[in-house]
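The listed protein sequences correspond, in order, to chains A and B.
Take 1 as the starting number for the first sequence in my numbering and just add one per residue.
Take 1001 as the starting number for the second sequence in my numbering and just add one per residue.
Note that these hints are calculated values from the structure, not bench results.
Any given hint could turn out to be false.
What the hints assert, rightly or not - Ranges between beta-carbon positions, derived for each pair:
1. A:77 x B:1116: 25 to 33 Å
2. A:282 x B:1049: 29 to 37 Å
3. B:1267 x A:152: 56 to 64 Å
4. B:1115 x A:307: 47 to 55 Å
Stated by the list, open to error - Partner residues aside, some chain B positions facing chain A, computed with beta carbon under 10 Å:
5. 1107
6. 1111
7. 1135
8. 1234
9. 1264
10. 1267
To be verified - Stretch by stretch, here's where chain B covers chain A in the computed footprint (C-beta under 8 Å, at least three residues):
11. 121-129
12. 240-246
13. 256-264
14. 284-297
Here a beta-carbon is modelled for each residue, glycine too, at the ideal position from N, C-alpha and C.
Listed below are the residues making up each chain.
There are 2 protein chains.
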Amino acid sequence: MYRLAGALALALVFPLTALADPLPSWNDTASETAIVDFVTKVTDPASPDFVPEEERIAVFDNDGTLWSEKPLYFQGLYALDKLREKAKADPSILTDDVLRAANAGDMKGVMAGGEKGLVEILNVSHSDISVEDFQASARDWITGAKHPTTGLTYAEMTYQPMVELLSYLRDNGFRTYIVSGGGVDFMRSVSKKAYGIPTWQVIGSQGKTAYEVRDGVPTLWKEGGIFFLDDKAGKPVGIISDIGQRPIFTAGNSDGDFQMLEWTTAGEGPRFGLIVHHTDAKREFAYDRDSDVGRLAEALDQAPAHGWVVVDMAKDWSRIWTGAK
Amino acid sequence: MYRLAGALALALVFPLTALADPLPSWNDTASETAIVDFVTKVTDPASPDFVPEEERIAVFDNDGTLWSEKPLYFQGLYALDKLREKAKADPSILTDDVLRAANAGDMKGVMAGGEKGLVEILNVSHSDISVEDFQASARDWITGAKHPTTGLTYAEMTYQPMVELLSYLRDNGFRTYIVSGGGVDFMRSVSKKAYGIPTWQVIGSQGKTAYEVRDGVPTLWKEGGIFFLDDKAGKPVGIISDIGQRPIFTAGNSDGDFQMLEWTTAGEGPRFGLIVHHTDAKREFAYDRDSDVGRLAEALDQAPAHGWVVVDMAKDWSRIWTGAK
């Protein structure tokens, strides 16, 4: 009886959240310990490393960091689907080899067009539509279409351990942002539901957008073409333009995140840099320096010198996707 | 005794903030009533016009809406001061007539250079400096330098009624943003202290910014040149790029705010558009359709048709500046 009362008293003093493991899908390895130690010290007012809430900003890459990116960035797969839909209605849009290859599902032909070809596919598939209609279309696809090899929806292929990490940081007074090379409008369509991140905390590449009154209706229109590329050195630029402050925590998975990692962790005071290393061929995909998508070489090589924590997916995560136990 | 107890009970039930006038520097006119009616209905869960907190986004122009803008946008005055400082150290930067006129304080000569000349002055005064150093410089100037005619610091020339309005909206679950034609880095240097608005809720024009490692230090560098102009049709574009949602409340004072007013108030459900009309030559400045700075004509003419509330500074405000009673 005394013991029960004691347990009850304890439960009243320490809310359940403080007792439960905040990162249940992380194995008990050095990566989890490093995260918890960092969050503990920056949130403890008695610690010399205490950081006020206003400065607790955490930025996350999306493709390969918060959800999968194989066989291709999901937005690329969306673009191919939309291109095929458009070509079905109007084959005359297939004006060159790259677009015809994309329509035929000939990925070698697409890749032969290089970056210019990919931008062309994005242009055809992402333009001539209002921002609102585009977001609705992206949301439907991400939550409805099935991934070619896993059979999961794309929304189900977010990483459970990273979703837990986002929540854990927010529970500790952090503001969590996505900072991705992917398009803002694409990610915003699901950011709140998938990650608990509101649209205004999503930073990404931007297509050209125009404001026009069409048939009496004020409309924001995706015109095609790229206005801002939020990748590599563009990531720190995107962060300072949008947030106006340097983050103290960042997570990425490729060399496209190198400058974001470098800038974030070069600041004074406590800093945390995390790299998701795709080591799990059995449960997900294994790749790094030889991959076309999400190439990780320089950031991996320089991680020890910078003190970046390299997460070994196979060893550090007990579960991969939110949509599959 | 009974009455006293009753008053005490009332004070316990209604917190002090609910009893106090939330807009003490607004006279009891139709403008104040319209604001309070709007906020009351969108925050009342029983109202058909209730708006969930996530959608309570309010956007404010800055120059002429939250602080004064005469004789010139304050950032323009800052640019002239910095140009003179730089020219003192190195007169060779004065490479043409516009820069020489600016250095000599010859405003007619500056205006003769048109918009191109003004951009040139901004380029010379706002470039070759890190974002952090620029913000420190802007902060020092805004809080230290004195306005040419009022003798107040620029920070003291924010409008007390608008600062109260920002607080009132935030107290009612709104997120308040600045959306200005002025430069983001300039405004962010004081936005929190002046308006209670954090850096990440300031949207504005953007200069070109580059990320470089200089002498081993990762740095964000203002390069000169304009990357994004957040004015006129650029305002809705800036809002959708940064926030990803349409606001429900907006305030401006010039035709540069027309599209922001138009887009915001064209949305479904309850919407509020406010125009600050500079009618008070005695306490501030009186101007509208014939002014070079903050020209207000089209938005004023179309205000009745759109239902925008036009604030008459002379009649609606009992106090103008935060720094002067």
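Against the structure, the hints come out as follows:
no.	hint	in the structure
1	A:77 x B:1116: 25 to 33 Å	violated, 45 Å
2	A:282 x B:1049: 29 to 37 Å	violated, 54 Å
3	B:1267 x A:152: 56 to 64 Å	violated, 35 Å
4	B:1115 x A:307: 47 to 55 Å	holds, 48 Å
5	1107	violated, 31 Å
6	1111	violated, 29 Å
7	1135	holds, 8 Å
8	1234	holds, 8 Å
9	1264	holds, 9 Å
10	1267	holds, 9 Å
11	121-129	violated (count 0)
12	240-246	holds (count 6)
13	256-264	holds (count 3)
14	284-297	violated (count 0)
Comparing the model with each numbered hint stated earlier shows that hints 1, 2, 3, 5, 6, 11, 14 do not hold.
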